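Chains as they are written, first to last, in the working numbering: chain A, 10 to 501; chain B, 9 to 496; chain C, 9 to 108.
It is worth saying that the hints were derived from the structure and are not from the lab.
Hints are all accurate, no fakes.
Label pairs and their computed distance ranges (CB to CB):
#1 Gly-155/B x Asn-308/A: 53 to 61 angstroms
#2 Gly-231/A x Glu-22/C: 38 to 46 angstroms
#3 Asp-380/B x Asn-308/A: 22 to 30 angstroms
#4 Glu-402/B x Thr-236/A: 52 to 60 angstroms
#5 Asp-380/B x Tyr-100/A: 14 to 22 angstroms
#6 Asn-308/A x Pro-309/B: 26 to 34 angstroms
#7 Thr-310/A x Glu-92/B: 39 to 47 angstroms
#8 Thr-81/C x Ala-319/A: 24 to 32 angstroms
#9 Lys-318/A x Thr-81/C: 26 to 34 angstroms
#10 Thr-236/A x Ala-418/B: 57 to 65 angstroms
#11 Gly-231/A x Pro-309/B: 56 to 64 angstroms
These numbers were taken from a predicted model, which means no experiment stands behind them.
Backbone N, C-alpha and C define an ideal beta-carbon position, used for all residues, glycine too.
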Amino acid sequence: MFTAKRVADKKDWLSGRDHDWEIIIGLEVHAQVASKSKLFSGAATEYGAEPNTQVSLVDAAMPGMLPVVNEFCIEQAVRTGLGLNAQINLYSRFDRKNYFYPDLPQGYQISQFEFPIVGEGEIEIEPEGGEAVIVGIERLHLEQDAGKSIHDLSPDDTFVDLNRSGVCLMEIVSKPDMRSPEEASAYVEKVRGIVRALGTCDGDMEKGNLRADVNVSVRKPGGDLGTRCEIKNVNSMRFIRQAINYEARRQIDILEAGGEIDQETRLFDNAKGETRTMRSKEDAHDYRYFPDPDLLPINITQEFVDGIKANLPELPDARKARFVVDYGIPEYDARILTADKAKGDFYERLAKGRDAKIAANWMMGDLFGALNKASINLDDSPVNSDALGELLDLIGDKTISGKIAKDVFEKMFAGEGGANEIVEREGLKQVTDTGAIEKMVQDVIDANADQAAKVADNPRLVGFFVGQVMKASGGKANPQAVNEILRKKLGL
Amino acid sequence: MSDLTKLTLEAALSGLKAKDFSSVEITKAHIDACMDAADLNAFITTDFTNAMKAAEISDAKLAKGEGGALEGAPLGIKDLFCTEGVKTTAGSKILGDFKPQYECTVTENMKRDGMVMLGKLNMDEFAMGSSNETSAFGPVVNPWRKGEDLVPGGSSGGSASAVAANMCLGATATDTGGSIRQPASFTGTVGIKPTYGRCSRWGIVAFASSLDQAGPITRTVKDSAIMLQSMAGYDAKDSTSINKAMPDLSAACGKSIKGMKIGIPKEYTMDGMPREIEDLWQQGIKWLESCGAEIVHVSLPHTKYALPAYYIVAPAEASSNLARYDGMRYGERVEGDNLYDTYERTRAEGFGKEVRRRIMMGTYVLSAGYYDAYYLQAQKVRTKIADDFKRAWEKCDALLTPTCPSAAFAVGRKLNDPVTMYLNDIFTVTANLAGLPAMSVPAALDNNGLPLGLQIIGRALDEETVFAASSALESCAGFEAKPEKWWV
Amino acid sequence: MSEKNTGVTAKTVEKIARLSRLHVEPDRLAYLADEMNGLLAWIEQLGEVDVKGVEPMTSAVEMPAPLRKDEITDGGVRDKVLANAPKTESGYFVVPRSVE
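Chain A extracted, bound-state conformation (with noise of 0.2 angstroms):
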């Protein structure tokens, strides 16, 4: 692999004291399989319920309880792990990861470690700013989630809810090919791109069906590999680059102090921005992985996998290679509107039958611009994508300026109401009519007679009887007409 000799970019690099430093980013992505039951039980998944409501007796590790496997989960992991350019294994096993812990039921997590269900693959990301980047795939395993904990009920107790116990996970874990915190969070984004393109996870950070465990070292600029800390359970892109630069640095001061770095798991305190040690040393694990007994190998056949192989969906990567060829826009644009199925999909129905930059524009625009300002989700956002090609045939047609647009498009996130209403509503229909342009233009240029004189010297004064014109008709008139009566009657 290249990628693993991968020298960051310079500008990457972090100042040192006697030299520059530069950070290796490996990650391991947990995404939630989007199955209507847990791996091991027939238990619901969905989330937000009533404490200890979705167990199963499976699921609390009852005497004598036992896991059968959910056959949707399998297949999901085969979907994912195509879409990640991976190496499908026909055979697979589940193994036991011993340790102890309220939330975790059994005493021990059931996952894959010696055979994974995918093995190697590679992925392409864009960092932000930056050229793009292979990253290797090591492998992707299925396992069970733990339940919760719930510390702030109780000053002396903890509560546990095993709701989420059993929940499958598919664990993706990356080669150390990342070199920057962009770089990092462009692997995650895109990752999230291709299970939301599958349907194999929704992707929701928030409610934390994708997080990531992301693992951290520092060296000189191409010298050998520091050891590494794991930061567990970084739940949304900026924590993630947060958690790196604040990782990084630690490390670096640590190093540069004389100091050794400990191999240690960590956590990322959101309100802080700091990372802080998780587990004291004396409690070192030991996770005496081995097969589980109550459950026996998975099988499955290169048939089975041709069948997934033939129906996947358009993933992230092919759907920006048509978008630039389809639609006409950059490349650019093409990899934001792709970058995940949402945003595709939305794009796909506002660009269709209307001029696909002008709707790529306003998308990437006006629309996250607003979303992102009100941090709201595109599948959440008030504007939906009807709405806002209403808004845009508006301007197709002529019927308001660009400029008036925007004022209108405030008012659709704002929900008062769709764009006709709007501009109905508020009287903003852009004036075509000539006549009635002529006179505004005529009245204007009487009110301002000896400006309209010195136009013939200076061609520049167009600009300022464009803008009372337009003043006067209170922005609805069209600009293009307005300048060409304007020109015809000042002469020029």
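With chain A held as given, fit chains B and C onto it using these hints.
Positioned in the frame of chain A, the structure of chains B and C alone reads:
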């Protein structure tokens, strides 16, 4: 009415069907016998009130000419089987007053067939033991006694003792390394561990998942056929359950074994094994020959490695299976200074010595640096042991061996020497490692008047042959001896 | 199996007990180490078996895992789930505080 307890299960069922007596009558007779035999300590929990209710329901069914294969028969259940609403302990303190909110598949099947459950039988803690002395509820005493109290074997000692002392018509048991067959041999009863996957493990407290199998302990081979037929069956809730129909086991009993090839594995002998066991084995060969079987000599060269392999595999699985007993969601919690302390105290106080010993061994053999040398090596040896059997099946249809290297021994004698205790299972553990059906049949009394068993091991899924050969052995041996009823 | 270590020490026992979450009094460690060494010495004979090219046997049944359909068939039994709990509140299991 006390003679109702002397009936075989088969005779009792036909008597019930013929209305010679009622289920209430035979159940009452057994309840009395249980109360008389309290000194044997065979039960951890009795459930006589519900047993009488169940008997009444069975009588109503029988009166209408209805009822299942076990209708109205009072039976005992090893306390490893989770029974809904009835305290289940696995012979341990750690489960406290745990009352399962579910019924395990095996007893569910038996209830479907009309069983009357008398209660939950004593056993070695978490089925770890060969003498029933590791139970948190005190040792079970063998009804066979010579001057001093003898162990009934283990781990299903309560089951074996209860059946031998006529406290129930039959009992469920489980076998991970010999826990059905060794106590059967020690108590003059019949016990079969079926092919791995025949009886669902769902709802049975796990000891070592890849070895555990449920089966019956009864007084005759035919009774075992009747019980196992009810207990076994495919269960989608157990991923290791085998979806193949069980042959008609009752029909297999008494079936001719003429021409059947019986293998005699030369390795099934042990230094210091009593001469009379060797002699009994030779006698068994003659009996089967007299029934028309053909004797062939076979070799199972890896036999001596079975027990050490077992003592890696079983503790390893157990160390993980028993991690769930942490006092968080059920069972007895011993509060400590903090979470960690609570875990450590709950488990140290909740588990007995032998269970702690095996958890520690299991943890050790799975830990970093030792996995390959111990666990992986043991799993590979396990393959070699299974291959030995596969080669033997090219030459024979079933194997005849002694069940155990000794008769029942005195309470306390082997308790402090784990390896000597473990050697009890030397002839039984191979069938668990290979997943094969194996049955112990009482064959004779030794010089001290204690019962000895012979074992028939069959091919995977070939319970039919095992029952046919065992039934032939039973007829030839004509074992009629009963323990003297000293406990009343 | 030259790498095999039968020298279980009190320290090993301490580590194993910790991993197993079993409290062991310090004065018992040496005794338990002896006991484990005794068992391991007996188990050691497994090393004699030539297992070159032999696959480990992880199950007594030779078949692939059965798979179930993705359907909601269970859950909604909170009372049963909590029935045997030492301590519960508002539908939660209550356990000793697991963070400081």
